[in-house]
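*Asks:* Throw the hints in and build the complete structure from the sequences for me.
Chain by chain, the residues:
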Amino acid sequence: MDAVQVNKTLDLKGLLCPIPVVKMAQAIKTVAVGEVIEATATDPGVMADIPAWCRTTGQELVRITRENGVISFAVRRVK
Amino acid sequence: MSETVRTETINTALGALERVLDRRLVAALEVCARCGICAEACHVYASDPRPEHVPAARAERVRAVYRRQHDPLGKLFPWLVGAKDLTEPDLDALAEPAFASCTLCRRCTINCPFGVDTALIMRAARAMLTATDRAPEMLVMLADAAIARGEHAEEFREIYREIVAGLEHEAQERLGDPTLRIPLDQQGAEILYVGLSGAHTILPAAIIFHEANASWTLSMFEASNYGLFLGDPARAKAIARRIVDEAVRLGVKEVVLTECGHAYAALRWEAPNWFGGEFPFKVRSIVEVLADYVRDGRLALDPTANPEPVTYHDSCNLARNGGLIEAPRIVLRAAVQNFVEMNPHGKENFCCGGGGGLVAIPEWFETRMRAGRKKAEQIRAAGAPVVATSCENCNLQLTDLNGYYDLNVQVVGLMELVVNALLKARRRHAVPLPEAA
Ligand code: SF4
Ligand code: SF4
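Protein sequence lines, in the order shown, are assigned to chains A and B.
Going by numbering that gives the first Met the number 0, the first residue of the first sequence is number 0, and it counts up by one from there.
Going by numbering that gives the first Met the number 0, the first residue of the second sequence is number 0, and it counts up by one from there.
Take these hints with a grain of salt, some might be off.
[Unchecked claim] Some chain B residues close to chain A (C-beta under 7 Å, calculated; not the full set):
no.: 1; residue: Met-140
no.: 2; residue: Asp-143
no.: 3; residue: Arg-148
no.: 4; residue: Ile-158
no.: 5; residue: Tyr-159
no.: 6; residue: Ile-162
no.: 7; residue: Ser-196
no.: 8; residue: Gly-197
Hints are computed from structural coordinates only; laboratory data are not their basis.
Glycine included, C-beta positions come from ideal geometry on N, C-alpha and C.
*Replies:* Right, dumping it as structure tokens:
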């Protein structure tokens, strides 16, 4: 279904704003350019915050979905 | 590094200082008797008594530069008045005192015999550091992401509607009332409520507004303003503008900000200066609104829902700087059974140690835990198992202090306590439905 290769996973469930974005920003520096981080979170604010963060930092939002209260998203490091 | 680059950087920093140099800042920079009274007033010094943690000492780094630029003696005989040319190493060394060991809490100011506003000086230092790319990356990123969300509001509108629909359902279930609504973009509503990105700031507010029968609508944006922490009026204004424009478009009578100290300080006290005038709406904290609802009998609360002793941590921005001291106590006395004051409290309360944006900067975790020692001692001495607060920053910091210092308390927001009391009162008053014939 989803052919993206994931290089690192992050569990951000239970964390409140702005900590999921902070953790994601820290984690992106630990992977190489071109690699992908997949994360799960529960705070719905992430649905708007992560796309905004990707836009300003120039990273690629590969996908973001929500199912049964869990948001999962994948971000590719571009720079 | 070449001489030209050095000069450009220094000029940029000095330019940033000049831009924020108003009468208040000049007064703060020119007056200091070096009496040292501010030392013990500062939670950072009180928690970790080192000379560099004395407020006057951290302000002196900027004062020396100011004297070199503006004091007639400082221009001619810098050594005589402790004036100093700004250098790049000085700028580098300013980052820690300005961003990590001053939370802009202003406890030193109210304890200084001359009212010297060290926080204002540190904000000017932050402006110089931000202008020369020396601000913590995380604060810059969070500020820019907030601005991006405003610039692409249309793209986010549908995502947000989806989020709000989910939250509305959750709030209905929690209250047991399918008529509860979370209005979005409601033209002519009286209140524009601005939460944070987190659902925890929207759910309890929705229940409270529903029960108080308020005319309200939820903002598309979040209340926090990281531009304020950066000391960058341009970014701070861009972040505030999203809310100001939304409030004007919807024609609301007031903007009510969620439990967030710096958001309140930004929109209530600072924004009118950034925009050059008053707004056509009031700005209040949810804490003030809750106090009104309690006073007016618009919320039925059963304090037995919160039976354990509760103490309250006053946020620096709400209490000391915003004057909201009685309002949270009106709410607490109605929502909990046993309210215990922390000592000192109100405008003399010690900062939690996580203000000024510090909770969002992972690399300074140890620094803020050390600076929170005084707060941890205060909480322990209060002896209450529940610590309430009405600021998100404080909530995050107190939760971290709880683990770090083994305080064994529960940290809760004021709205949560109100919702507990409200749900219990509602259950007690609920009239059972007649059984089907
Ligand atoms: S208390 Fe005021 S006057 Fe005294 S050292 Fe501190 S800032 Fe200066
Ligand atoms: S504003 Fe607060 S943290 Fe900063 S120097 Fe004064 S007391 Fe210390």
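*Asks:* Now tell me if each hint is right for this structure.
*Replies:* Hint by hint, here is what the structure shows:
The beta carbon of Met-140 (chain B) is positioned within 7 Å of a beta carbon in chain A (closest approach about 6 Å), and the interface hint is therefore held. Among the interface hints, the one on Asp-143 (chain B) holds; its C-beta lies about 4 Å from the nearest C-beta in chain A, closer than the 7 Å criterion. The criterion of a C-beta within 7 Å of any C-beta in chain A is met by Arg-148 (chain B), whose closest approach is roughly 4 Å, and the hint holds. The criterion of a C-beta within 7 Å of any C-beta in chain A is met by Ile-158 (chain B), whose closest approach is roughly 5 Å, and the hint holds.
Hint status for Tyr-159 (chain B) relative to chain A: holds, with the closest Cβ pair at about 6 Å, below 7 Å. Look at Ile-162 (chain B): its Cβ gets to within about 4 Å of chain A, closer than 7 Å, so that hint holds up. A cut of 7 Å between beta carbons decides the hint on Ser-196 (chain B): the least distance to chain A is about 3 Å, and the hint holds. Interface restraint check for Gly-197 (chain B): the shortest CB-CB distance to chain A comes to about 4 Å, inside 7 Å, so the restraint holds.
In summary, the structure agrees with every hint in the numbered list given earlier.
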